[in-house]
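*Asks:* Using the hints, position chain B against chain A.
In case you want the letters, here they are:
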Amino acid sequence: MSYDRPALTGSVLEILRSIAPEVEPAGIDLTRPLRHQVDLDSMDWLNFLVGLQGRFGVNIPEADYAQLITLDNVLDYLRERLRPAAA
Amino acid sequence: MIEFKLPSLGTDMDEGTLLQWHVKPGDAVKRGQVVAVVDTSKAAVDVEIWQDGVVAELRVQPGEKVPVDTVLAMLLAPGEVAPSPAAEAAAPVPAPTSAPTLALALAPATTPTPATQRVPEPARPSAAARHPVSPSARRRAKELSIDPDSVSGTGAQSSVTLADVEAAATHAMPSPAAVVQNRQKEMRKAIAAAMSRSKREIPHYYLSETIPMAKALAWLQQRNEGLPITERILPAVLLLKAVAVALQRTPQLNGFYRDGKFEPGVGVHAGVAISLRGGGLLAPAIHDTQAKPIEQLMRELADLVKRARAGSLRSSEMSDPTITVTNLGDQSVEAVFGVIYPPQVALVGFGSVAVRPWVEGGEIRALPLITATLAADHRVSDGHQGALFLAELRDLLQQPQALAETATSTPSQEGSPT
Numbered sequence: 001m002s003y004d005r006p007a008l009t010g011s012v013l014e015i016l017r018s019i020a021p022e023v024e025p026a027g028i029d030l031t032r033p034l035r036h037q038v039d040l041d042s043m044d045w046l047n048f049l050v051g052l053q054g055r056f057g058v059n060i061p062e063a064d065y066a067q068l069i070t071l072d073n074v075l076d077y078l079r080e081r082l083r084p085a086a087a
Numbered sequence: 088m089i090e091f092k093l094p095s096l097g098t099d100m101d102e103g104t105l106l107q108w109h110v111k112p113g114d115a116v117k118r119g120q121v122v123a124v125v126d127t128s129k130a131a132v133d134v135e136i137w138q139d140g141v142v143a144e145l146r147v148q149p150g151e152k153v154p155v156d157t158v159l160a161m162l163l164a165p166g167e168v169a170p171s172p173a174a175e176a177a178a179p180v181p182a183p184t185s186a187p188t189l190a191l192a193l194a195p196a197t198t199p200t201p202a203t204q205r206v207p208e209p210a211r212p213s214a215a216a217r218h219p220v221s222p223s224a225r226r227r228a229k230e231l232s233i234d235p236d237s238v239s240g241t242g243a244q245s246s247v248t249l250a251d252v253e254a255a256a257t258h259a260m261p262s263p264a265a266v267v268q269n270r271q272k273e274m275r276k277a278i279a280a281a282m283s284r285s286k287r288e289i290p291h292y293y294l295s296e297t298i299p300m301a302k303a304l305a306w307l308q309q310r311n312e313g314l315p316i317t318e319r320i321l322p323a324v325l326l327l328k329a330v331a332v333a334l335q336r337t338p339q340l341n342g343f344y345r346d347g348k349f350e351p352g353v354g355v356h357a358g359v360a361i362s363l364r365g366g367g368l369l370a371p372a373i374h375d376t377q378a379k380p381i382e383q384l385m386r387e388l389a390d391l392v393k394r395a396r397a398g399s400l401r402s403s404e405m406s407d408p409t410i411t412v413t414n415l416g417d418q419s420v421e422a423v424f425g426v427i428y429p430p431q432v433a434l435v436g437f438g439s440v441a442v443r444p445w446v447e448g449g450e451i452r453a454l455p456l457i458t459a460t461l462a463a464d465h466r467v468s469d470g471h472q473g474a475l476f477l478a479e480l481r482d483l484l485q486q487p488q489a490l491a492e493t494a495t496s497t498p499s500q501e502g503s504p505t
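Protein chains in written order, with the working numbering: chain A, 1 to 87; chain B, 88 to 505.
Note that these hints are calculated values from the structure, not bench results.
There could be a bad hint or two in this list.
[Said to hold, decoys possible] Okay, the calculated bits of chain A under chain B, using three or more residues with CB under 8 Å as the criterion: (1) 12-25; (2) 43-50; (3) 53-65.
[Claimed, not checked] Distance ranges between label pairs, derived from CB positions: (4) A:Arg81 / B:Ala250: 49 to 59 Å; (5) A:Gly57 / B:Lys272: 37 to 47 Å; (6) B:Ala474 / A:Gly10: 47 to 57 Å; (7) A:Glu14 / B:Asn269: 22 to 32 Å; (8) A:Val58 / B:Gln271: 30 to 40 Å; (9) B:Lys229 / A:His36: 42 to 52 Å.
[Stated by the list, open to error] Taking lysine to aspartate or glutamate and the EDC-like style, the derived pairs with C-alpha atoms no more than 16 Å apart in a straight line are: (10) B:Lys152 / B:Glu273; (11) B:Lys302 / B:Asp482; (12) B:Lys111 / B:Asp236; (13) B:Lys393 / A:Asp41; (14) B:Lys393 / A:Asp44; (15) B:Lys92 / B:Asp126.
No residue lacks a Cβ here, since even glycine has one placed at the ideal position from N, Cα and C.
Here chain A stands alone, though its shape is the one from the complex:
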């Protein structure tokens, strides 16, 4: 499955909104820490990751959480792992 960046962003935002319905996608700054912009507690964050896994089949180890600060980080992380399939 191949995702270009806008499609990937759209999918990720969709998952985010399923957890935080009040989020305005246009109001999200991709380069600022996500959890400073959206009120996500640890359970919400976990559900966000579960959502990503469900959509993209990417299992994100706990050790990698620290890399996923901004939405840009999340998108890069996913693209990195989706690339072989996208080739």
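*Replies:* Frame of chain A; chain B shown alone:
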């Protein structure tokens, strides 16, 4: 006959609006079964029944707002025979015994035709006799989740038409925004009432302890490593478990203060404070937290958060908590000093885990720390017991493996790490 009354679903609730019955007269019910949905100021709650029996009569109709302790339904105890079935059958009076003034049924009460058709099971008293429902109306009603028999018909012989169903649906659903706004207002009022009562009546005392979390977090990290996301355990769950186990030593913090005396809780039903998006909070219980393995606690917590936000909690979860645990979360502040939720007698608060300086063996180290606080009721316990509790909590969190293993066994005195 057993009276099934509207239970109190928390101190801040003194009335509720019956939204829906899940049972009808003649149905056998089992203890713990959800029989009705009641709207409180905070949320719609699935009300469970507390004994086995057979529903004999529904006394309150959907739409009615009634005070706590109002008899909602009459039940026959197992084996009991209806006192005088003939008399009841002979009286197909649609007007129920309960106050009809509050009734706000979907159907704006068209004159009920006398019960000419004999319906096998007694019809909903509010709907009197059933009108014919056109197939398209029935289909549409199903899509809209309305009971077509509760809709007043304008068709031939008062039959219910497609248009009737759609009109009823429009009436039934005020705009979602209005509902949300109203709910928030009501919830703020409910919180105000409960917290004002707490501060008026409960002589709070407060204690605080900084707890090193390095061991607990390292243990969790190791445990979660390689597991799929859905099987990972959050630190919040380990904290919850630690609170429940620590309470075994200080039962004066777990239970209720009612009618001038303390009633210790049977088991720890930890009320978990869950903040709702858009404001407000609920603190439904995880029953017997002390006895459950952390894997199960994690599943139950995830489920509880989901249901609290979706507004589908059970009555026992709302009325049972013996203590509240509030965890402000990992993105938050250092400490929280809570307000006890009456009639409970204590509240445990956790701030965020953060790396801060800590002195150990004469050296300053940077370690993840958490500040645990206790707000407790001085009518029931003293600072000494409160301090014992926080010290026990701190010690338990230094032996995470043993803590996790107290799950299934009876609380052992010694943690024996394997």
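*Asks:* Each hint should be assessed against the structure and marked as holding or not.
*Replies:* Hint by hint, here is what the structure shows:
1. 12-25: holds (count 3)
2. 43-50: holds (count 5)
3. 53-65: holds (count 6)
4. A:Arg81 / B:Ala250: 49 to 59 Å: holds, 54 Å
5. A:Gly57 / B:Lys272: 37 to 47 Å: holds, 43 Å
6. B:Ala474 / A:Gly10: 47 to 57 Å: Given about 53 Å between the Cβ atoms, the range holds.
7. A:Glu14 / B:Asn269: 22 to 32 Å: holds, 29 Å
8. A:Val58 / B:Gln271: 30 to 40 Å: holds, 37 Å
9. B:Lys229 / A:His36: 42 to 52 Å: This hint holds: roughly 45 Å between Cβ atoms.
10. B:Lys152 / B:Glu273: holds, 15 Å
11. B:Lys302 / B:Asp482: holds, 11 Å
12. B:Lys111 / B:Asp236: holds, 14 Å
13. B:Lys393 / A:Asp41: Since the Cα atoms of B:Lys393 and A:Asp41 sit roughly 13 Å apart, the hinted pair holds (cutoff 16 Å).
14. B:Lys393 / A:Asp44: With a Cα-Cα distance of about 10 Å, the restraint between B:Lys393 and A:Asp44 holds, given a limit of 16 Å.
15. B:Lys92 / B:Asp126: Satisfied, since the Cα-Cα distance of roughly 15 Å is no more than 16 Å.
Checked against the numbered hints above, the structure breaks none of them.
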